[in-house]
Each structure stands twice: as structure tokens, then as C-alpha cells.
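2 protein chains.
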Amino acid sequence: MAYHPLKQVIEAADKAITEEDFDSLMAFYADDATLVIKPGMIATGKEQIHKAFLAIAEYFNHSLVVKQGAMHVIQGGNTALVIMETVLETTDNTGVTSCISRRATYVFREDPVGKWLCVIDNSYGTDLLGAM
Amino acid sequence: MAYHPLKQVIEAADKAITEEDFDSLMAFYADDATLVIKPGMIATGKEQIHKAFLAIAEYFNHSLVVKQGAMHVIQGGNTALVIMETVLETTDNTGVTSCISRRATYVFREDPVGKWLCVIDNSYGTDLLGAM
Chain A
1 MAYHPLKQVI EAADKAITEE DFDSLMAFYA DDATLVIKPG MIATGKEQIH KAFLAIAEYF
61 NHSLVVKQGA MHVIQGGNTA LVIMETVLET TDNTGVTSCI SRRATYVFRE DPVGKWLCVI
121 DNSYGTDLLG AM
Chain B
1 MAYHPLKQVI EAADKAITEE DFDSLMAFYA DDATLVIKPG MIATGKEQIH KAFLAIAEYF
61 NHSLVVKQGA MHVIQGGNTA LVIMETVLET TDNTGVTSCI SRRATYVFRE DPVGKWLCVI
121 DNSYGTDLLG AM
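Keeping their order, the protein sequence lines are chains A and B.
My numbering puts the first residue of the first sequence at 1, with every later residue one more than the last.
My numbering puts the first residue of the second sequence at 1, with every later residue one more than the last.
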């Protein structure tokens with residue numbers, strides 16, 4: 001697919017997650033954004049999303065590394081749906097590394113000055129249907 | 001999941017597709033909406049989307065019946081991502097009926113008077129990643 005500016009935005013956000021720099025991470029979200037923490041559990045707004053990322057970091061033993069795979073962007077005006085392969089690499093207490101690959105869905109909205117903000121962050125993609 | 005008004009909107013849109021009432025169908029789309037016709041081929045704006053539906057109806061021998069399965073809505077402010085099982089029933093020239101089940105992704109935007117309009121219609125969901 002053609003290059004889309006959202007590729008860089010998502011790479012930078014994933015880098016912030018990997019570095020546990022959640023203050024910087026919040027700048028990628030719209031004020032009214034919703035994050036799917038896990039099937040059936042969501043966080044809405046930056047305060048809840050920030051807390052969720054602290055809990056996620058703890059859950060993964062502060063070892064989470066987020067990497068990007070194939071990406072596809074479908075844009076309608078100032079709204080974009082991103083379909084993306086996201087790889088989560090984690091290491092447990094005994095030093096064993098695991099990889100989880102997800103086909104994620106993200107919705108971004110472009111603000112009037114051309115900045116793309118994440119409004120829906122659903123890393124579970126269509127697997128939500130099977131999980132609920 | 002809790003009832004979401006988008007359930008009725010999508011049912012009505014699918015009914016319009018089944019009835020080949022594409023003029024009514026266009027009322028469900030935003031002016032700047034994008035439809036994924038098939039992986040790698042999109043239509044943007046009502047004129048292109050209307051033409052695409054005429055071609056789709058022809059392709060399926062005017063037999064297409066669209067039915068809804070499980071649905072999940074994730075809302076962030078005035079934007080909603082719908083993850084939905086969509087069943088396409090078609091009948092060929094010899095009278096044989098087939099079913100295609102897709103895990104679709106739709107993005108809707110609520111306008112200032114509370115009307116939800118489809119801005120991205122991607123019935124292929126995350127399968128786009130495997131198809132491109």
C-alpha cells in the first residue's frame with residue numbers, strides 16, 4: 001500500500017508503550033478516546049487510559065515490547081481505520097520470551113491542524129466477536 | 001453487549017442492499033465515506049459508492065441477501081467502530097444458494113443532530129491483511 005503518515009504516528013506510540021513513557025503516549029489519544037483493555041473491558045478518556053497502561057505494564061512484568069507488522073489504512077475524510085498486525089513481545093520472571101500477534105483495529109481522527117489522534121484503540125480486532 | 005442504536009441503522013442499511021434500494025442506502029453514508037469494494041479496490045464518496053453497489057448487485061446476479069450476526073460497538077465520543085458478523089447469501093443462475101460469512105469493520109460518525117453516518121465500510125475486516 002501507499003505510505004500513510006499514520007505509520008510514523010503508530011510507530012512512535014508503540015515506542016512510547018515499550019519505553020513506558022505513558023505521559024508522551026497520552027498525546028497520541030483524543031480526549032474522548034476509548035481503549036479496549038481486554039474483551040469486555042474498556043477505558044475511556046486519557047485518565048482511564050493512562051491507568052490502564054500502568055496496569056498493562058505491571059501485568060507484563062515491565063517487559064512489553066510492541067512491534068508493527070503489515071498495515072492497511074482506509075481513510076474516509078478526516079477519519080481513518082487502520083488494520084494492523086501488532087506483535088507483543090513479553091518476557092516472564094524466568095527470562096522466557098513470548099510473542100503474541102494480533103490483527104488490531106485502530107480508528108484515528110485528523111484534527112483541524114492536521115494532527116491524527118487515536119479515538120478507538122482495539123488491538124483485538126475482529127477477534128472480539130469470538131471472545132464475547 | 002448493551003443495545004446500541006447502530007444496530008437498527010445497520011439492519012436498515014442491509015435491508016436497503018437486499019432490496020437494491022441504493023438511493024435509500026446512500027442516506028446511511030457520510031459524503032466523504034469510503035467503501036472497500038474488495039481488497040485493493042475502494043470507492044470514495046456517494047457517487048462512487050452508488051456505482052459500486054450497482055456493480056456488486058450485478059456480480060451477485062441480483063440475488064444478494066445481507067444478514068447480521070453478532071455485533072460489538074466500541075465508541076469514542078462521536079465515533080464508533082462496529083465489529084460485526086455479516087452473512088452474505090447469494091444464489092447463482094442454477095438456483096444454488098451460497099453463504100459467505102465475514103467479520104466486518106464499520107466506522108460511523110455521529111453528526112451534530114445525533115444521526116449516525118457510515119464513514120468507512122470495510123466488510124473484509126482484518127482479513128485485508130492476508131489479502132494484500
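Honestly, the hints are just simulated from the structure, not real lab data.
Do not take every clue at face value.
Same chains, same label: a pair holds when it works inside one copy or across any pair of copies.
[As the list claims (entries may be wrong)] In silico DSS-like links for lysine-lysine, alpha-carbon gap of 27 angstroms or less: (1) Lys7 with Lys38; (2) Lys46 with Lys115; (3) Lys15 with Lys51; (4) Lys7 with Lys51; (5) Lys15 with Lys67; (6) Lys15 with Lys46.
Query raised in the report: Looking back at the hints listed earlier, which ones does the structure fail to meet?
Result: none
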